[in-house]
Amino acid sequence: MLMLKCPYCGVMADETELSAGGEAHLKRFGPQSSAEDFEGYLFARENPKGVHVERWRHVNGCGKWFHAARCTLTLEVFGTYSAQVTAPPQDIRDAIRAKHPDWRWRDMA
Amino acid sequence: MKRYSAFAIAREALRFHSGWERAWRSPAPKKRYDVIIVGAGGHGLASAYYLGKNFGITNVAVLEKGWLGGGNTGRNTTIIRSNYLQDPSAAIYEKARSLYETMSQDLNYNVMFSPRGVIMLAQTHHEVRGYQRTAYANALQGVETQFIGPDKVKELCPIISLEGPRYPVLGGLWQPRGGTARHDAVAWGYARACSDMGMDIIQQCEVTGIRKDGGKVTGVDTTKGAMDCGQLGLVVAGHSGVLAEMAGFRLPVESLALQALVSEPVKPCMDVVVMANTVHGYMSQSDKGEMVIGGGTDGFNNYTQRGSFHHIEETVRALIETFPMISRLKMLRQWGGIVDMTGDRSPILSKTPVEGVFVNCGWGTGGFKSIPGSGWGMAELMAKGHSPLTEEFSMYRFREGKFIDESVAAGVAH
Chain A
33 MLMLKCPYCG VMADETELSA GGEAHLKRFG PQSSAEDFEG YLFARENPKG VHVERWRHVN
93 GCGKWFHAAR CTLTLEVFGT YSAQVTAPPQ DIRDAIRAKH PDWRWRDMA
Chain B
39 MKRYSAFAIA REALRFHSGW ERAWRSPAPK KRYDVIIVGA GGHGLASAYY LGKNFGITNV
99 AVLEKGWLGG GNTGRNTTII RSNYLQDPSA AIYEKARSLY ETMSQDLNYN VMFSPRGVIM
159 LAQTHHEVRG YQRTAYANAL QGVETQFIGP DKVKELCPII SLEGPRYPVL GGLWQPRGGT
219 ARHDAVAWGY ARACSDMGMD IIQQCEVTGI RKDGGKVTGV DTTKGAMDCG QLGLVVAGHS
279 GVLAEMAGFR LPVESLALQA LVSEPVKPCM DVVVMANTVH GYMSQSDKGE MVIGGGTDGF
339 NNYTQRGSFH HIEETVRALI ETFPMISRLK MLRQWGGIVD MTGDRSPILS KTPVEGVFVN
399 CGWGTGGFKS IPGSGWGMAE LMAKGHSPLT EEFSMYRFRE GKFIDESVAA GVAH
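The listed protein sequences derive, respectively, from chains A and B. Under my numbering, think of the first position of the first sequence as 33, with each following residue one higher. Under my numbering, think of the first position of the second sequence as 39, with each following residue one higher.
Think of the hints as simulated: they come from the structure by calculation, not from any bench. Check the hints yourself; a few may be wrong.
[Said to hold, decoys possible] Computed Cβ-Cβ distance ranges for the label pairs, DEER-style: (1) B/Arg49 with A/Leu107: 48 to 54 Å; (2) A/Leu107 with B/Thr246: 48 to 54 Å; (3) A/Glu108 with B/Asn92: 42 to 48 Å; (4) B/His55 with A/Leu74: 32 to 38 Å; (5) A/Gln64 with B/Gly187: 21 to 27 Å; (6) B/Ala44 with A/His132: 39 to 45 Å; (7) B/Gly423 with A/Cys94: 39 to 45 Å; (8) A/Cys94 with B/Asn92: 56 to 62 Å.
No residue lacks a Cβ here, since even glycine has one placed at the ideal position from N, Cα and C.
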């Protein structure tokens with residue numbers, strides 16, 4: 033069973049306590065944007081076979097949203113971090129790059 | 039190819055079964071094919087088969103990174119039905135269901151299609167209204183379904199408990215012509231027929247790159263060398279996103295794990311398929327006597343072909359409420375497959391931004407039942423550039439807002 037540590041309440045929560053919220057750090061496009069941008073924002077997800085940066089909610093716990101970096105192929109978790117950021121913090125990136133040196137995420141270097 | 043028949047069995051019985059041929063050839067790849075299909079699952083093989091049968095295109099290779107039919111084709115719960123709400127879905131699933139009826143004769147391969155009937159239980163008043171609406175829609179679409187009351191449900195499936203502790207059975211949507219088929223045999227039958235038409239099925243051959251020249255596909259790089267092609271069909275279910283990235287475009291698809299399990303074999307006790315969408319579980323009995331059980335998808339992106347145990351618990355709990363007599367059954371096997379889910383839970387059969395590349399994916403949790411219809415439509419799309427079956431399933435529908443919203447219609451996985 034997948035287990036993630038909630039960065040807010042510190043509980044090591046198992047999957048039944050959590051709710052997955054899909055890809056993290058999406059760039060949002062509103063009503064004035066082009067059809068392509070709007071489609072991309074609503075439907076085009078990264079869906080990698082590898083490291084995935086995603087949102088979770090500690091729904092049956094403290095109720096807070098947070099972020100996690102997880103490998104979709106091995107379910108290895110590289111860490112969880114605050115929901116208040118727009119990109120993975122450096123320590124998470126270092127943890128990922130230690131295993132996957134070529135890892136890239138959208139337009140993040 | 040020697041045909042299978044009662045006479046063939048008698049002939050082989052007399053000579054110690056020494057004359058059976060391999061069902062399909064395993065040739066070395068050629069330098070060039072008119073069409074390359076990536077993915078030798080049900081959908082890929084059906085696409086190749088109808089390219090040959092309906093359009094005479096037989097210089098075709100079907101590439102498979104693992105073994106034939108080893109992905110979702112061999113991992114589903116083999117249910118066939120076509121009781122969909124939206125017209126485009128009803129059309130392609132009904133085409134598929136009708137092709138299943140004659141598939142064994144068409145392929146000269148027994149796919150054990152068993153039109154035993156499918157009941158989708160209505161367990162809330164909302165569901166009753168929803169399925170009544172579907173039954174009316176199906177009448178207009180020419181799909182034979184009927185909304186039945188609890189007494190008829192009990193008559194069709196005596197082991198069911200109508201007075202469920204959480205959700206009593208209020209009725210059901212009954213499709214008498216739905217049923218099950220042997221999933222492996224569908225892949226094997228198509229493979230044998232494709233091979234017989236001269237197509238090359240190349241297993242353990244993973245596509246590692248897609249070659250393009252000026253926005254048009256020219257070939258693929260694989261672990262068994264490069265091959266040129268005129269057209270390329272990507273029919274790889276959960277790995278569609280990976281292949282699309284190689285071709286240089288993005289698909290609105292996310293990959294999730296969907297699990298199934300089977301029990302120990304028991305005496306025949308259930309001769310219909312029952313789906314209970316409110317409590318999230320469905321069950322049928324295989325010819326061997328195993329109860330074949332499925333539920334909903336796991337909630338997060340996943341390529342592991344395993345699932346989480348608590349989803350199994352949820353499914354089994356739901357089914358024990360619905361069928362109390364199975365509470366002492368031992369479960370034999372459990373497995374997971376990677377399903378490709380789109381935003382509206384309907385498939386994508388489409389041209390792509392790369393000329394000559396076609397994609398057939400996004401079948402999500404409903405892939406097996408649609409195999410022949412999907413192959414029929416995909417073949418027509420590749421051969422003629424358009425097909426009435428696939429027109430509405432373009433990948434561009436998300437940009438245009440023309441969803442085929444079965445996720446709303448079905449409430450859950452469908």
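Here's how the hints hold up against the structure:
| no. | hint | result |
| --- | --- | --- |
| 1 | B/Arg49 with A/Leu107: 48 to 54 Å | 52 Å, holds |
| 2 | A/Leu107 with B/Thr246: 48 to 54 Å | 25 Å, violated |
| 3 | A/Glu108 with B/Asn92: 42 to 48 Å | 46 Å, holds |
| 4 | B/His55 with A/Leu74: 32 to 38 Å | 58 Å, violated |
| 5 | A/Gln64 with B/Gly187: 21 to 27 Å | 52 Å, violated |
| 6 | B/Ala44 with A/His132: 39 to 45 Å | 57 Å, violated |
| 7 | B/Gly423 with A/Cys94: 39 to 45 Å | 55 Å, violated |
| 8 | A/Cys94 with B/Asn92: 56 to 62 Å | 58 Å, holds |
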